[in-house]
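Q: Single-letter residue listing:
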Amino acid sequence: MQIAPLEITTYRNLERAKYPFCPGCGHTFVLDHLNAAMVKLQLDARKTVIVTDIGCVGMSDQYFDVNAFHGLHGRAITYATGIKLANPELTVIVLMGDGGLGIGGAHLLSAARRNIGITVLVFNNLNFGMTGGEHSVTTPHGGVTATTRGGNLERPLDVCATVSVNGAAYVYRGTSFDQDLPDRIAEAIQTPGFSLLDIWELCTAYYVPNNKFSKNALLQTMQTLKLPSGVLQQAEHPELSRAYREEYASLRGKPVLPPEPIENKYDSALAATSRIVLAGAAGGKVRSTASSLALGAMYSGLWATQRDDYPTTVMSGYSVSEVILSRDEILYMGIAKPDILAVITPEGLTQVPRQLHAMDETQTVYIVPELADQIETRARKIVFDFERAAAGKKSLAVMTTAAIVRHANLYPLAAFREAISAGQRADIAAENLKAVDASEKIL
Amino acid sequence: MREFMDGAEAIARGAFAAGCNFFAGYPITPATPILLRMLRELPKTGGVGIQGEDEIASLGMCIGAAMVGAKAMTATSGPGVSLYSENIGLAIMGEVPLVVVDVMRLGPATGGATTVSQGDVQFLRWVTSGGFPIIALCPGSIAECYLLTQRAFNLAERFRTPVFIATDKEMMSAQQSVETDAFERIEIIERAQAPAGAEFVPYHVQKLADVPAFAPIGGEHLTRFTGSMHDERGMLTKKTSAVDKTSHHLWQKVEAHRDELEFTRLDGQEGAATLVVSYGITARSTTEAVRIARAAGKRVSRLTIQSLWPVSENALRSALRGISRVIVPELNFGQYRQEVERVALSLDPRPQVIGVNRVDGELITPQEIEEQLGHCSVD
Numbered sequence: 001m002q003i004a005p006l007e008i009t010t011y012r013n014l015e016r017a018k019y020p021f022c023p024g025c026g027h028t029f030v031l032d033h034l035n036a037a038m039v040k041l042q043l044d045a046r047k048t049v050i051v052t053d054i055g056c057v058g059m060s061d062q063y064f065d066v067n068a069f070h071g072l073h074g075r076a077i078t079y080a081t082g083i084k085l086a087n088p089e090l091t092v093i094v095l096m097g098d099g100g101l102g103i104g105g106a107h108l109l110s111a112a113r114r115n116i117g118i119t120v121l122v123f124n125n126l127n128f129g130m131t132g133g134e135h136s137v138t139t140p141h142g143g144v145t146a147t148t149r150g151g152n153l154e155r156p157l158d159v160c161a162t163v164s165v166n167g168a169a170y171v172y173r174g175t176s177f178d179q180d181l182p183d184r185i186a187e188a189i190q191t192p193g194f195s196l197l198d199i200w201e202l203c204t205a206y207y208v209p210n211n212k213f214s215k216n217a218l219l220q221t222m223q224t225l226k227l228p229s230g231v232l233q234q235a236e237h238p239e240l241s242r243a244y245r246e247e248y249a250s251l252r253g254k255p256v257l258p259p260e261p262i263e264n265k266y267d268s269a270l271a272a273t274s275r276i277v278l279a280g281a282a283g284g285k286v287r288s289t290a291s292s293l294a295l296g297a298m299y300s301g302l303w304a305t306q307r308d309d310y311p312t313t314v315m316s317g318y319s320v321s322e323v324i325l326s327r328d329e330i331l332y333m334g335i336a337k338p339d340i341l342a343v344i345t346p347e348g349l350t351q352v353p354r355q356l357h358a359m360d361e362t363q364t365v366y367i368v369p370e371l372a373d374q375i376e377t378r379a380r381k382i383v384f385d386f387e388r389a390a391a392g393k394k395s396l397a398v399m400t401t402a403a404i405v406r407h408a409n410l411y412p413l414a415a416f417r418e419a420i421s422a423g424q425r426a427d428i429a430a431e432n433l434k435a436v437d438a439s440e441k442i443l
Numbered sequence: 001m002r003e004f005m006d007g008a009e010a011i012a013r014g015a016f017a018a019g020c021n022f023f024a025g026y027p028i029t030p031a032t033p034i035l036l037r038m039l040r041e042l043p044k045t046g047g048v049g050i051q052g053e054d055e056i057a058s059l060g061m062c063i064g065a066a067m068v069g070a071k072a073m074t075a076t077s078g079p080g081v082s083l084y085s086e087n088i089g090l091a092i093m094g095e096v097p098l099v100v101v102d103v104m105r106l107g108p109a110t111g112g113a114t115t116v117s118q119g120d121v122q123f124l125r126w127v128t129s130g131g132f133p134i135i136a137l138c139p140g141s142i143a144e145c146y147l148l149t150q151r152a153f154n155l156a157e158r159f160r161t162p163v164f165i166a167t168d169k170e171m172m173s174a175q176q177s178v179e180t181d182a183f184e185r186i187e188i189i190e191r192a193q194a195p196a197g198a199e200f201v202p203y204h205v206q207k208l209a210d211v212p213a214f215a216p217i218g219g220e221h222l223t224r225f226t227g228s229m230h231d232e233r234g235m236l237t238k239k240t241s242a243v244d245k246t247s248h249h250l251w252q253k254v255e256a257h258r259d260e261l262e263f264t265r266l267d268g269q270e271g272a273a274t275l276v277v278s279y280g281i282t283a284r285s286t287t288e289a290v291r292i293a294r295a296a297g298k299r300v301s302r303l304t305i306q307s308l309w310p311v312s313e314n315a316l317r318s319a320l321r322g323i324s325r326v327i328v329p330e331l332n333f334g335q336y337r338q339e340v341e342r343v344a345l346s347l348d349p350r351p352q353v354i355g356v357n358r359v360d361g362e363l364i365t366p367q368e369i370e371e372q373l374g375h376c377s378v379d
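Listed in order, the protein sequences are those of chains W and L.
Numbered by our numbering, the letters in the first sequence go through residues 1 to 443 in order.
Numbered by our numbering, the letters in the second sequence go through residues 1 to 379 in order.
FYI, nobody ran anything at the bench for these hints, they're computed from the structure.
Some clues are possibly wrong.
[Claimed, not checked] Listed next, the in silico DSS-like pairs over lysine-lysine satisfying Cα-Cα at most 25 Å (straight line): (1) W:K265 - W:K212; (2) L:K44 - W:K18; (3) W:K441 - W:K381; (4) W:K434 - W:K265; (5) L:K238 - W:K18; (6) W:K212 - W:K226; (7) W:K265 - W:K226; (8) W:K254 - L:K44; (9) W:K394 - W:K381.
[Unchecked claim] Looking from chain L toward chain W, a few residues come up when the C-beta cut is under 7 Å (computed): (10) E3; (11) T45; (12) A174; (13) K207; (14) V211; (15) P366.
Note that the structure is predicted; figures quoted are calculated from it, not measured.
Don't be surprised by glycine CBs; every beta carbon is placed ideally from N, CA and C.
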């Protein structure tokens, strides 16, 4: 014989039968409607979480026997999003006031755009109740509050229109007096995507006495502002937490950050540590060439480091890469005094005056011909001879670096070639290998 | 096995070794490489990675996910930590296991986005309101990025509190050869779960220094999370005895376990009267400086700090014994030096504490440290 599960008759915390709100406060009605909606849906309390914002409504979670999350002001939607993303099986209900709505506006927009499967109840009593009746983003124009004594000069936010145009799946506007509110809340909870109910109510402590406000005035205000009520949007598009799992299902089980071992296949004759600076222009393959230089060294049994410097813009201005090659592990990665400095473009030259000044006769500056006259240094100067090889601007960094690898006898050029082939897209690698071929003639 | 990688790769590998399954972050130089890797790799493990609409949302999502049981991490730089501040407080108050990477860049404000710094050391200590303890680790090598990320997760799980990894632009973005076979894997621990069947009280502890058992939202027990001052059931309270208990619990659960939170490496030399105390990227220059000095016959010891907060006072006190000069190189105006000075004050004779500091976006060179070692006793 099967025993039917007991019907749940309330989700209220019976140890806290009485709400803490002011007499006549709309929160009391809305929370009872929420309870009725949950009873209607017979939610599994263990799979349900009420996420509360700050303000009077922030106390509400303590009056229910479901999971509770009480966070920071305006951020309830972010916690709810994390909860839903981590466990799509959960029913996530956010309770916030018009205060939290204002301070957390960016989160509301994003939640609607993402269509994250949470339900937001906005307890909209047109002002801040807990802190003393200050104006909020939904205070009507002209509304008298503690911070708008002469009447509010700002226009109220239409939260329903805002989330509707940004992708919300279910949107409703009504009041705490609506008798069908439990059904609407239940519909919202059952909506797979993002749902929001903008529920207008009376703040009997502040907004009512400050504005001689009443139920009729509340309804009148909604009409005066031409704000529609009822179910305003029902849309179907994929809910984020499930869409994410579907989108990436095919990646499951693929190796995570697998090792990329670099084999020692060549020998290097390098005896001392070599500190190399490539000074060129952004977009001129300086960084990728520096990577090949370092990788080729590793193929040749050396240790390498690479530091890149470039302006915050990526494709314009200078690009300077520092590469250190050594027989031992490299600790300090800076280069105050390079052993080799390649000045490839005018942009690069602007970045290395200090290095040029520091270098001495035991060190070498390699220079493109057009900048040869501008270099003042005690270091040995070697000017590339491009007469015999067409130096395409795009290939300048690769070509000059290949020439330096050979000229300074850093390691076998074959290792540099292999580094280019291994580390770059096939078509780009082919182009760069041609530049390596051309480099034979330029020194 | 030799590989070529940056610290961001090692932190991501460490996070996966520790079982990280949730990451939310907002792009910011120089922390973005961690965001990119985590978002790319997490789906492979069944985890979730998401770019938040801002830093506040990113950390908020991590906190929500962590209370569902996820092992969550986020990464940012100083300006992002500023925006994390209030949620760090929430994670302390609500007892959330969480790993937060701060890739330090030169500040204040937007500062130098692509410029190395160690300017957030004291900022991380006092990152949020209330004055409660903070745990912060600081890797000095690629291998330590891997090791300390695992450790950060373990400490977060053990103490149910946010744990910082303080690193810097150079450590995150400079590529280096590393022997990855030497990467250390440690035993991974998980937060203590509330036993099935028994009554569950979310913030109940036997002793103030204990850590409450965890029940995930959506699990067998109904649970209650709150960032407000609360009693052991997670209910808001102003009752003096309950408030006092919660405050002391949050303090003691870290402070009473400081011995478990000291991670340092001492490279002591017999007869040395000079000690260099360093951490992070600066520890690498220190290692080289000490090598040069010793090769020249000077006697010098070296203490590398892996756990910035709480201050490793036992290790410092013990390393300072018999030392007359302490050199503290840092990429700031002397933020950790003042902690060393505080420890030195309790010693008799009191060693002299000397800073080597740079705030110009360049690394401290081994030579700059070595110059300060000039007066060392020589063999």
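Q: All hints, please: hold or fail.
A: Hints, verified against the model:
With a C-alpha separation of about 87 Å, the suggested pairing of W:K265 with W:K212 is violated against the 25 Å cut-off. The suggested pairing of L:K44 with W:K18 is violated, with an alpha-carbon distance near 48 Å, which exceeds 25 Å. Straight-line distance between C-alpha atoms of W:K441 and W:K381 comes to about 18 Å, which keeps the hinted pair within the 25 Å bound. Taking the CA atoms of W:K434 and W:K265, the gap is about 22 Å. The hint holds against a cut of 25 Å.
Between the alpha carbons of L:K238 and W:K18 the distance comes to roughly 19 Å, so the proposed pair stays at or under 25 Å and holds. For the hint pairing W:K212 with W:K226, the CA-to-CA distance comes to about 21 Å; that is within 25 Å, so the pair holds. A threshold of 25 Å between alpha carbons decides the hint, and for W:K265 with W:K226 the separation of about 76 Å lies outside it, so the pair is violated. Restraint check for W:K254 and L:K44: satisfied, since their Cα atoms lie roughly 5 Å apart, inside the 25 Å limit.
Restraint check for W:K394 and W:K381: satisfied, since their Cα atoms lie roughly 23 Å apart, inside the 25 Å limit. Using the Cβ-Cβ criterion of 7 Å, the hint placing L:E3 at the interface with chain W is satisfied: the shortest such distance is roughly 6 Å. This hint holds: L:T45 has a C-beta 6 Å from the nearest C-beta of chain W, less than the 7 Å allowed. For the restraint placing L:A174 at the interface with chain W, the shortest Cβ-Cβ distance is roughly 5 Å, inside the 7 Å limit, so the hint holds.
Given the 7 Å rule on beta carbons, the hint for L:K207 is violated: about 26 Å separates it from the nearest Cβ of chain W. Taking 7 Å as the C-beta cut-off, the interface hint given for L:V211 is violated, the closest approach to chain W being about 19 Å. Below 7 Å, beta-carbon pairs count as interface contacts, and L:P366 has one with chain W at about 5 Å; its hint therefore holds.
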